[in-house]
Amino acid sequence: MTPQNLLYAKTHEWVKIESDPAGGKIAVVGITAFALELLTDLVYVALPEVGRKVEAGQSFGEIESVKAVSDLNSPVTGEVVAVNADLPGKLESLPKDPYGKGWFIKVKIADESTIAQLLDAAAYDKQCSEEHG
Amino acid sequence: MTTNFDQIGKTPLFDWHVAHGGRMIDFTGWAMPIQYASIIEEHNATRSGVGMTDVSHMGRLRFEGPGAAVFLAELLTRRVADMALGQVRYSLVTNDKGGVLDDVLVGYYHNELGQPFYLMVVNASNCDKIVAWVQRHLSPERANRPGQEIVFSDVSNLWAMFAIQGPRAMDLLQPFVDADLQNMKYYRGDTVRLLHPAAKRQGGIISRTGYTGEDGFELSLGMGICVGIWEALMEYGESLGIMATGLGARDTLRLEAGMPLYGHELTEEIDPFQAGLGFACHLSGYDFPGRDALLKIEKQPPMLSRVGLEMLSRRVARQDCAIFSGGQRVGTVTSGTFSPTLQKPIAMGYVSPNHAAPGTTLQIDIRGSLEPSRVVPLPFYNRNKKGK
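Respectively, the protein sequence lines represent chains W and E.
Going by the working numbering, the first sequence opens with residue 1, and the numbers climb by one from there.
Going by the working numbering, the second sequence opens with residue 1, and the numbers climb by one from there.
Do not rely on the hints blindly, as some may be mistaken.
To be verified - Facing chain W, according to a computed beta carbon distance under 10 Å, are these residues of chain E, among others:
#	residue
1	I34
2	R314
3	R318
4	A322
5	T341
Quick caveat, the hints were computed from the structure, so don't treat them as lab data.
These figures come from a predicted structure and were not determined experimentally.
Idealized CB from N, CA, C, for every residue including glycine.
Please take these sequences and the hints and turn them into a complete structure.
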């Protein structure tokens with residue numbers, strides 16, 4: 001099930017918007033169960049360093065399956081403030097909890113207008129069913 | 001994103017693949033499953049039990065008549081005119097310049113009436129090209145020479161074919177056929193009777209051949225009965241750990257086994273010696289297209305050699321990645337994947353011969369970053385040297 005409380009990029013990343021105690025907003029970013037189902041057989045993930053500037057729609061890393069390598073695209077514009085360092089060594093368990101322990105990066109959002117471009121769960125599900133057809 | 005499968009070829013198992021979760025892709029004009037669930041699980045099932053792949057998309061060309069043996073000997077790089085009934089040989093088809101048009105298996109079998117024929121299995125991607133190549137060399141005059149008649153037929157759309165591969169392949173297949181598979185040697189085959197009721201008394205052709213590096217068989221059988229036999233094999237194979245395997249696992253299996261794939265390690269620009277397939281070229285017998293060119297090429301030092309590469313980082317090199325040594329471009333990757341058996345990325349490619357020795361360290365440009373790799377002997381995986 002696609003969580004209702006998250007936002008989604010067309011490129012299959014999910015975003016959880018949290019408020020930053022220091023002010024502003026933080027985006028927690030991962031990839032969706034649908035994307036993992038398509039990828040299968042994950043073998044490698046490359047994540048950015050903390051401090052890296054990312055832009056909405058631009059690559060922040062890559063994920064590799066037996067079949068192919070795919071870009072990970074940032075759903076928002078901002079700066080990476082945290083990276084899930086456990087992820088690369090535990091890729092096989094990523095599909096078990098893609099929306100929880102399977103987060104990839106946290107981004108301090110610099111431009112909140114980029115959030116408006118994201119899809120809600122219903123719109124994302126619709127896109128997936130069209131793609132799957 | 002979505003593919004219109006109405007416009008491309010379908011094997012008789014298309015509906016079965018879809019019903020069992022097969023992810024269908026357009027593979028050179030054929031709707032084929034890349035995988036059912038996990039490529040790695042399908043791969044491992046083939047290495048430890050048995051995997052079964054629908055390879056009905058492959059081209060099957062049949063040659064019979066008293067002139068067939070010499071005709072094929074004058075078309076293929078490998079001697080075939082001396083084959084005994086039941087023998088299978090790997091061969092190449094080359095153009096006049098010695099470039100590879102296709103790699104093929106040729107089997108010499110007899111039909112139910114005892115009449116011999118040659119069956120040539122060609123890559124699906126090359127089938128039209130090879131049919132045209134055969135027709136170009138088989139003029140009506142040649143086909144009808146008195147006493148040396150040749151009958152050529154493309155039976156690709158009449159026969160299905162299954163690749164049944166893995167250490168339990170024989171256990172799976174033996175109850176279904178009247179031939180003694182234990183005593184069928186590697187690269188041998190036979191016309192067999194299919195014993196299962198779903199075969200409706202039809203026969204098939206079995207060869208002890210494959211594309212996985214495991215023991216195994218390839219079974220050709222009529223389109224009309226193939227779904228019933230496939231389902232019966234899947235059911236019987238359950239206790240043997242059978243999995244239906246898609247083209248994804250077929251690729252990782254053949255890569256570990258160091259086997260070339262047309263369009264990757266083999267092209268019209270590659271000659272057999274660069275590819276390490278000199279064993280498949282008999283240059284002293286019959287004259288075939290490309291023989292004169294290959295006689296010259298054989299005497300020259302090769303420009304490139306096919307090598308195996310293992311990555312020293314976690315990233316996977318893919319086709320067309322550039323290979324460097326000390327900042328200098330020395331070659332190109334032709335295939336790469338993550339090896340489920342070795343648990344590391346592996347690749348094949350062509351490099352200049354002075355960088356081809358096992359142990360040589362090379363750098364591969366993977367999406368802009370130079371990743372370390374090492375030349376290793378092929379194959380990556382040898383079933384007879386397990387646990388070394």
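Comparing the hints with the structure gives:
Against a cut-off of 10 Å between C-beta atoms, the interface hint on I34/E holds, since the closest Cβ of chain W lies about 7 Å away. Hint on R314/E holds. Least Cβ distance to chain W is approximately 5 Å, under the 10 Å limit. Among the interface hints, the one on R318/E holds; its C-beta lies about 7 Å from the nearest C-beta in chain W, closer than the 10 Å criterion. Look at A322/E: its Cβ only gets to about 16 Å from chain W, farther than 10 Å, so that hint breaks.
Using the Cβ-Cβ criterion of 10 Å, the hint placing T341/E at the interface with chain W is not satisfied: the shortest such distance is roughly 12 Å.
The structure fails hints 4, 5 (numbered hints given earlier, in ascending order).
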